[in-house]
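*Asks:* Listed below, chain by chain, are the residues.
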Amino acid sequence: MAVINTVSLTKYYGKTRGIEDLHLTVEQGEVFGFLGPNGAGKTTTIRVLTALLRPTKGTASVLGKDAWRHSAIIKEELGNLPGDIRLYDKMSGAEFLNFIARFRPRKPPVLKEELIERFDLNPNKRIKDYSKGNRQKLGIVQALMHDPQLLLLDEPTSGLDPLMQQQFYAVMEEFRSRGRTVFISSHILPEIERVCDRVGIIKEGHLVSVERISDLEAKHVRYVDVSFEGSVNQEDFRVPGVTAIERINDHLRITVKGEIDPLIKKLAQYNVKDLASSHASLEEVFLEFYGKGGTVER
Amino acid sequence: MNVNLFKKSLKEIRVSWPSYMVGLLFYVYLLISIYPTVQQRSAEIQELLKSYPKGFIEIFGGGSAVSFTTVEGFLSLEFFSLMWFVIIGAFVIGYGAAALGKELESGTIEILLSQPITRTSALVTKSLNLFISTIGMVVLTVLATYVFGLVVGLKPKVDGIVALIVIGTLFFLAIGAISLFFSVLLGERGRAALTTSGLLVSMYFITVVAGLANWDWIKKLERISLFHYYDSAKLLSTGNIPAKSLLVYAGTAIVFYLGSILVFRRRDIAP
Numbered sequence: 001m002a003v004i005n006t007v008s009l010t011k012y013y014g015k016t017r018g019i020e021d022l023h024l025t026v027e028q029g030e031v032f033g034f035l036g037p038n039g040a041g042k043t044t045t046i047r048v049l050t051a052l053l054r055p056t057k058g059t060a061s062v063l064g065k066d067a068w069r070h071s072a073i074i075k076e077e078l079g080n081l082p083g084d085i086r087l088y089d090k091m092s093g094a095e096f097l098n099f100i101a102r103f104r105p106r107k108p109p110v111l112k113e114e115l116i117e118r119f120d121l122n123p124n125k126r127i128k129d130y131s132k133g134n135r136q137k138l139g140i141v142q143a144l145m146h147d148p149q150l151l152l153l154d155e156p157t158s159g160l161d162p163l164m165q166q167q168f169y170a171v172m173e174e175f176r177s178r179g180r181t182v183f184i185s186s187h188i189l190p191e192i193e194r195v196c197d198r199v200g201i202i203k204e205g206h207l208v209s210v211e212r213i214s215d216l217e218a219k220h221v222r223y224v225d226v227s228f229e230g231s232v233n234q235e236d237f238r239v240p241g242v243t244a245i246e247r248i249n250d251h252l253r254i255t256v257k258g259e260i261d262p263l264i265k266k267l268a269q270y271n272v273k274d275l276a277s278s279h280a281s282l283e284e285v286f287l288e289f290y291g292k293g294g295t296v297e298r
Numbered sequence: 001m002n003v004n005l006f007k008k009s010l011k012e013i014r015v016s017w018p019s020y021m022v023g024l025l026f027y028v029y030l031l032i033s034i035y036p037t038v039q040q041r042s043a044e045i046q047e048l049l050k051s052y053p054k055g056f057i058e059i060f061g062g063g064s065a066v067s068f069t070t071v072e073g074f075l076s077l078e079f080f081s082l083m084w085f086v087i088i089g090a091f092v093i094g095y096g097a098a099a100l101g102k103e104l105e106s107g108t109i110e111i112l113l114s115q116p117i118t119r120t121s122a123l124v125t126k127s128l129n130l131f132i133s134t135i136g137m138v139v140l141t142v143l144a145t146y147v148f149g150l151v152v153g154l155k156p157k158v159d160g161i162v163a164l165i166v167i168g169t170l171f172f173l174a175i176g177a178i179s180l181f182f183s184v185l186l187g188e189r190g191r192a193a194l195t196t197s198g199l200l201v202s203m204y205f206i207t208v209v210a211g212l213a214n215w216d217w218i219k220k221l222e223r224i225s226l227f228h229y230y231d232s233a234k235l236l237s238t239g240n241i242p243a244k245s246l247l248v249y250a251g252t253a254i255v256f257y258l259g260s261i262l263v264f265r266r267r268d269i270a271p
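Taken in order, these protein sequences are the chains called Y and R.
Using our numbering, read the first sequence as starting at 1 and increasing by one per residue.
Using our numbering, read the second sequence as starting at 1 and increasing by one per residue.
Mixed in with the good hints there might be a few duds.
To be verified - Here are a few chain R residues that face chain Y, going by a calculated C-beta distance under 10 Å:
#1 N4
#2 K7
#3 T69
#4 P116
#5 A270
Said to hold, decoys possible - To list a few chain Y residues with every Cβ distance to chain R over 12 Å, as calculated:
#6 N5
#7 E27
#8 T50
#9 P82
#10 F96
#11 N98
#12 F99
#13 R118
#14 G139
#15 M164
#16 R178
#17 K257
#18 P262
As the list claims (entries may be wrong) - Think about it this way: if two alpha-carbon atoms lie no more than 27 Å apart in a straight line, the pair counts; the simulated DSS-like pairs of lysine-lysine are:
#19 Y:K128 / R:K11
#20 R:K8 / R:K102
#21 Y:K132 / R:K220
#22 Y:K90 / R:K219
Hints listed in this document are in silico derivations from the structure and should not be mistaken for laboratory results.
Just so it is clear, CB atoms sit at the ideal spot from N, CA and C, and this is done for glycine as well.
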């Protein structure tokens, strides 16, 4: 069953494009990543799905119901974490969570205490005294605490420290194992790869591709910066997957697309002094996947 | 209506509304308590008033039955014509603009509308608080003039008090609805409050000029002014509730309230 289904979904802000002709289906039990650079239309899509924005054209259904007309019913089973969340500063964390919980008398916040503990949140402080990270944690707890069927999370790890990010990924795994559907928007590729089954890539308001994560990894671009004891011939490293080799000062920058294993095996034959691997930026991934015009290269 | 949201809204004015009321009631008491002294010299003051141009009296809210010889005339000129509008109007405009404007401006509307609550329910709940506090403010201030009047040995007419409560309540509900309308339309408290205030000041100005000038066009234009249908001196002295005033104020309140719901139901929420 499709939990999210959009057909030709389009949103314009006056003459400014938000999203255009978006066809998207997210199945039940799936963790779906929505990847794109800032301004691509990720937040617009989530706001249309949560009926904060009215579509200019097309339709969106959530949990089998029209997203705009039945939004209040849908939200009984929806947990939403808005991007750059704004909270009621005068309330304490506990007051805020209780206030949110009372909107769903039939869905008690069964995960509230557990999430507060796991995210190491002090609910007794006033929200205005919270750091950005703690505000984000509070936002996550309010979205997840009633164990909804569907989660819409806009840049959920923004402001979280690495430890809390790991905690968040673990919680997402648990939601997946309980058959919940999760829709995560992000501009961080490794994060999407870490938690999602499929990823939709949005660019300039258009959904340019939907990939399984395993397929995405095959196209993945990494940079391996490596320095050696003594001199080496850079052409020795032209193994399968390596697309470019560049000498920068005293080390080599090797660009790898897809499997990194052949390169690692080759490097193991040399005396390596230092090695660092980094992911290509999202823009670079887009250029790699879709070319400058944004069309899909097949 | 959503009880959870209603309680939260009520909590937000638990200090400001009572504080405002205490100050307002104290002002009413001071005003009433000086009337016996004013009454002793009412003949001189009446002569003085006659010497002023009609327009001058109009500017300060003098209606058809302006007189310092009766407590109704005194209250009308000193309080219910201009001061009352300014004091209660400021609260109603501010609160009307903030009811949803604050949530829209601060972006908390996004988290509120992420909950299972319809937009209509959110607006009705928030505005219910506005309307209750407005009615409370009008009823208490008018009743206070009666009660304080009794304390200092005066007795304003009961039917006049009732008439003023009815018309005053509808007048301020109309203002509240206008302010609410502009807040959901513009999405900002400040702009909504300024627009509503500007509109009311313009209406007041039109009414004053229409009272001074003999131009046909301004006499016609005056009909769009809410102040044209309000005469506190007449209300207090006769106790009659003019049907036209009743219809204009109730109609304005209903039209702008329904307009608020319509606009809010359809508008984009994008902090």
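*Asks:* Each of the hints needs a verdict: does it hold here or not?
*Replies:* Each hint tested on the structure:
1. About 4 Å separates the beta-carbon of R:N4 from the nearest beta-carbon of chain Y, less than 10 Å, and the hint is met.
2. Taken as an interface hint, R:K7 checks out: its beta carbon lies about 9 Å from the nearest beta carbon of chain Y, inside 10 Å.
3. The interface hint given for R:T69 is broken, as the beta carbon of that residue sits about 51 Å from the closest beta carbon of chain Y, more than 10 Å.
4. Nearest Cβ of chain Y to the Cβ of R:P116: about 4 Å, under the 10 Å cut. The hint holds.
5. Interface hint status for R:A270: upheld, as the beta-carbon distance to the closest one in chain Y is roughly 6 Å, under 10 Å.
6. With 12 Å as the threshold on Cβ separation, the claim that Y:N5 sits away from chain R holds: the shortest Cβ distance comes to roughly 20 Å.
7. The Cβ of Y:E27 lies farther than 12 Å from every Cβ of chain R, with a closest approach of about 23 Å, so its non-interface assignment holds.
8. A beta-carbon of chain R comes within 12 Å of the beta-carbon of Y:T50; the shortest separation is about 6 Å.
9. Y:P82, annotated as away from the interface, has a beta carbon of chain R within 12 Å; the closest lies near 5 Å.
10. A Cβ of chain R approaches the Cβ of Y:F96 within 12 Å, the least distance being about 9 Å, so the stated non-interface status is violated.
11. The beta carbon of Y:N98 is not kept farther than 12 Å from every beta carbon of chain R, the shortest such distance being approximately 9 Å.
12. Chain R draws Y:F99 into its interface by the beta-carbon criterion, the shortest separation being 6 Å against a cut-off of 12 Å.
13. The beta carbon of Y:R118 is kept farther than 12 Å from every beta carbon of chain R, the shortest such distance being approximately 21 Å.
14. Non-interface status of Y:G139 relative to chain R is broken: a Cβ of that chain comes within 12 Å, the nearest being about 8 Å off.
15. Distance check for Y:M164 against chain R: the nearest CB is about 20 Å away, which clears 12 Å, and the non-interface claim stands.
16. Y:R178, annotated as away from the interface, keeps every beta carbon of chain R farther than 12 Å; the closest lies near 21 Å.
17. Every Cβ of chain R is farther than 12 Å from the Cβ of Y:K257; the closest lies at roughly 38 Å, confirming the non-interface assignment.
18. Every CB of chain R lies more than 12 Å from the CB of Y:P262, the least distance being 48 Å, so the non-interface label holds.
19. In summary, the hint linking Y:K128 to R:K11 is supported, as the alpha carbons are separated by about 18 Å, within the 27 Å threshold.
20. Restraint check: the Cα-Cα separation between R:K8 and R:K102 comes to about 14 Å, which is no more than 27 Å; the hinted pair holds.
21. About 58 Å separates the Cα atoms of Y:K132 and R:K220, which puts this hinted pair outside 27 Å; it is violated.
22. Restraint check for Y:K90 and R:K219: the C-alpha separation of about 50 Å exceeds 27 Å, so the hint is violated.
Against the hints set out earlier in the document, violations occur for numbers 3, 8, 9, 10, 11, 12, 14, 21, 22.
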